[in-house]
Amino acid sequence: MRSLLAAIDRLCALGGALACACLVVVVGLVLTEVICRKFFGLSLDFAWEWATYLTAVTFTLGMGRALRFGQHVRVRMLLDLLAPRQARIADAVSVAIALLLALVFTWAIGHLAWVSRIDGTRSFLPSNTLLWPFQMAFAAGGALLALQLLAYLLRLITNEAPEQASANAPLERVD
Amino acid sequence: MTTTSLVVLGILLLLLGSGIWIGLALMGTGVLGLLIFRNMPVDVLLGQIAWNTSTITELVTLPLFVLMAEILFRTRLAASLFDALAPWITWIPGRLAHINVIACTMFAAVSGSSAATAATIGRITIGELLRRGYSKSLAMGSLAGAGTLGFLIPPSIVMVVYSVLAQVSLLDLFLAGIIPGILLAACFSLTIVGLVWWKPELVPPDTERFTWAQRIESLKHLLPLTSLIGVIIGSMIFGWATPNEAAAVGVAGALVLAAFSGGLTVPNLRAALTGAVATSSMIALILIGAGFVSTAMSYLGVPQAVANAVAPLQLGPLGLIAMLLVLYLILGTALDGISCIVLTLPIVLPLVKAAGFDPVWFGIFLVVTVEMAEVTPPVGFCMFVIQGLAESTTGEVAKAALPFFLVMVLFSGLIVAFPSIVMWLPGLGR
Numbered sequence: 001m002r003s004l005l006a007a008i009d010r011l012c013a014l015g016g017a018l019a020c021a022c023l024v025v026v027v028g029l030v031l032t033e034v035i036c037r038k039f040f041g042l043s044l045d046f047a048w049e050w051a052t053y054l055t056a057v058t059f060t061l062g063m064g065r066a067l068r069f070g071q072h073v074r075v076r077m078l079l080d081l082l083a084p085r086q087a088r089i090a091d092a093v094s095v096a097i098a099l100l101l102a103l104v105f106t107w108a109i110g111h112l113a114w115v116s117r118i119d120g121t122r123s124f125l126p127s128n129t130l131l132w133p134f135q136m137a138f139a140a141g142g143a144l145l146a147l148q149l150l151a152y153l154l155r156l157i158t159n160e161a162p163e164q165a166s167a168n169a170p171l172e173r174v175d
Numbered sequence: 001m002t003t004t005s006l007v008v009l010g011i012l013l014l015l016l017g018s019g020i021w022i023g024l025a026l027m028g029t030g031v032l033g034l035l036i037f038r039n040m041p042v043d044v045l046l047g048q049i050a051w052n053t054s055t056i057t058e059l060v061t062l063p064l065f066v067l068m069a070e071i072l073f074r075t076r077l078a079a080s081l082f083d084a085l086a087p088w089i090t091w092i093p094g095r096l097a098h099i100n101v102i103a104c105t106m107f108a109a110v111s112g113s114s115a116a117t118a119a120t121i122g123r124i125t126i127g128e129l130l131r132r133g134y135s136k137s138l139a140m141g142s143l144a145g146a147g148t149l150g151f152l153i154p155p156s157i158v159m160v161v162y163s164v165l166a167q168v169s170l171l172d173l174f175l176a177g178i179i180p181g182i183l184l185a186a187c188f189s190l191t192i193v194g195l196v197w198w199k200p201e202l203v204p205p206d207t208e209r210f211t212w213a214q215r216i217e218s219l220k221h222l223l224p225l226t227s228l229i230g231v232i233i234g235s236m237i238f239g240w241a242t243p244n245e246a247a248a249v250g251v252a253g254a255l256v257l258a259a260f261s262g263g264l265t266v267p268n269l270r271a272a273l274t275g276a277v278a279t280s281s282m283i284a285l286i287l288i289g290a291g292f293v294s295t296a297m298s299y300l301g302v303p304q305a306v307a308n309a310v311a312p313l314q315l316g317p318l319g320l321i322a323m324l325l326v327l328y329l330i331l332g333t334a335l336d337g338i339s340c341i342v343l344t345l346p347i348v349l350p351l352v353k354a355a356g357f358d359p360v361w362f363g364i365f366l367v368v369t370v371e372m373a374e375v376t377p378p379v380g381f382c383m384f385v386i387q388g389l390a391e392s393t394t395g396e397v398a399k400a401a402l403p404f405f406l407v408m409v410l411f412s413g414l415i416v417a418f419p420s421i422v423m424w425l426p427g428l429g430r
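Protein chains in written order, with this note's numbering: chain A, 1 to 175; chain B, 1 to 430.
Read the hints as simulated data drawn from the structure, not as lab findings. Backbone N, C-alpha and C fix where the C-beta goes; we use that ideal spot for every residue, glycine too. Mixed in with the good hints there might be a few duds.
A short list of chain B residues far from chain A (calculated; beta carbon distances all over 10 Å) [stated by the list, open to error]:
| hint | residue |
| --- | --- |
| 1 | 9 |
| 2 | 46 |
| 3 | 418 |
Example chain B residues on the side facing chain A (calculated, C-beta under 10 Å, incomplete) [what the hints assert, rightly or not]:
| hint | residue |
| --- | --- |
| 4 | 45 |
| 5 | 54 |
| 6 | 60 |
| 7 | 62 |
| 8 | 241 |
| 9 | 248 |
| 10 | 251 |
| 11 | 252 |
| 12 | 280 |
| 13 | 283 |
| 14 | 339 |
| 15 | 350 |
| 16 | 354 |
Given the sequences, and given the hints that come with them, work out the whole structure.
Next comes the structure, spelled out in structure tokens:
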């Protein structure tokens, strides 16, 4: 059990690191487009398109780590009204449903990526980019979220703290 | 209302109330609603909408604006602002208490988030104000009020989210937020003047004196922030960057600023990136859920059913807006601003449009109302940030923020009475 939880955490940390790398590439792509257009009079037709795809990948790849550090938003008002033991049971039921929904989400975006792979779907924009590599990474992020929800559930069952305090507080949740 | 609509809204309340993460609860509502009432391939629809929602061009700005705030949080920007502004405001009743308002207003021009604005400015000003004998409630309250300007003064993460969901121009929204943002800041300053006039003991005796030479000397500290604002706005005005690209220009500017202030270290950069990714992922999950439930509700005819249910009430446009203000004030006590918007927009926006309101105007009205959500207990992220900075309780921060909260309520009435406050600037752009 412990090694499973550690493996999930490591995978989500890796997902978070890849998401950070994608974000750096997004910044680079957009800035390169601005500089190329301003100073060389040419526009990179793929820059903005890839930036949008990589932003989508950033979003999902970071979801598992965000859950581990308690960043995702939920309404805990009713759970907080219950006694600790009841709250833990109710929380476990909620997390189990959330896990089911995350699996549906992962299946849906994984299916989209798979169909794109089979059909060789390309974007209709000038760069004519092959979509499935981005969509596969997007789906992998969904799977990380589902895995971290599984870890959350297991930690609840084994009476462990399901969320870890963030080193970046108070700014991490800057909505 | 139809049975379908009641069941769908019931599922939504059940999933949200049971504590399922908001984005997944929204997705679950859409999935269950379509499975029960429509025979269609839900997985295909969900996959396509998740991808389409996440790849909307405007959304690229979301992690970039968050990253910019994360980088600036780790610079000496707030300290520079304090040094620059302090000598200039000693003549206003309330003196340094206004520094929260002015500094947050200026920082909001490079930050898209209320909590980031409150955290960045507050970590310098709270300590300085308390050390100089200013009342804790005035320091916390003014920061709570002014911190919310991060949402209203562009760039704004909430406006990016609204622009995506309501399909309105992000540039129009940004332009529309400028005048209300400055006016609301002025209202906050007037509130401080009023509070100090009512209770003079809120501020210490006036002992600080600055010469004109010191005042002029202090202006050099404004240079980093004004340069950054200048680069972001200038890049758009001179046509070097589109409004979406300006976010990346802002990140580059923030990095340069961090390099000059010595804040550009590998640990800081890593922390800024992980923070930006976590926040963006959190918002994206909600947005994907909202995009899907919005489509599902359209298939199921929920917005139309709610519109038909509201029509016999004969509320009229102003009655509708008043009802929505009350609704958002109630929702704001339990939810954060972005969740309030995504949960209600699929139903509320068609009603508002049908009542004749401009979606850009409504976007700003919505931003002002969800700003209040940031400072109302039990859930208000701006409040949580200040609670941590001032080592105070939620109740104390909420009490301190109450006068500023009431000003925001009155201000939302002001933009209803005078919509041109919002629409004048985008009108010029059009």
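| Holds or violated: is there a CB of chain A closer than 10 Å to the CB of residue 339 of chain B? | With a closest approach of 6 Å, the residue 339 of chain B hint holds.
| said: Does residue 283 of chain B hold up as a contact with chain A if the rule is Cβ-Cβ below 10 Å? | reply: 6 Å, holds
| query | Holds or violated: residue 251 of chain B as interface residue toward chain A, Cβ cutoff 10 Å? | reply | 5 Å, holds
| Hey, does the residue 241 of chain B contact hint survive, CB to chain A under 10 Å? | 5 Å, holds
| said: Given a cut of 10 Å on the nearest C-beta pair, is the interface hint for residue 248 of chain B held or broken against chain A? | reply: Constraint on residue 248 of chain B satisfied, holds at 4 Å.
| field | Agreement of hint residue 54 of chain B with chain A interface, Cβ distance less than 10 Å | value | Since chain A brings a Cβ to about 4 Å from residue 54 of chain B, closer than 10 Å, the hint holds.
| Can we keep the residue 280 of chain B interface hint, with Cβ of chain A closer than 10 Å? | 6 Å, holds
| request: With a cut-off of 10 Å on the beta carbons, see whether residue 252 of chain B makes it to chain A. | output: 6 Å, holds
| Proposed interface contact between residue 60 of chain B and chain A, which counts if any beta carbon pair is under 10 Å | Holds - the Cβ of residue 60 of chain B comes within 10 Å of chain A, reaching about 5 Å at its closest.
| query | When you look at the beta carbon of residue 46 of chain B, is every beta carbon of chain A farther off than 10 Å? | reply | 4 Å, violated
| Whether residue 9 of chain B stays farther than 10 Å from all C-beta atoms of chain A, as the label says | 15 Å, holds
| message | Beyond 10 Å on every Cβ pair: is that true for residue 418 of chain B relative to chain A? | response | 29 Å, holds
Going down the numbered hints, you'll see the structure goes against 2, 15, 16, while the others check out.
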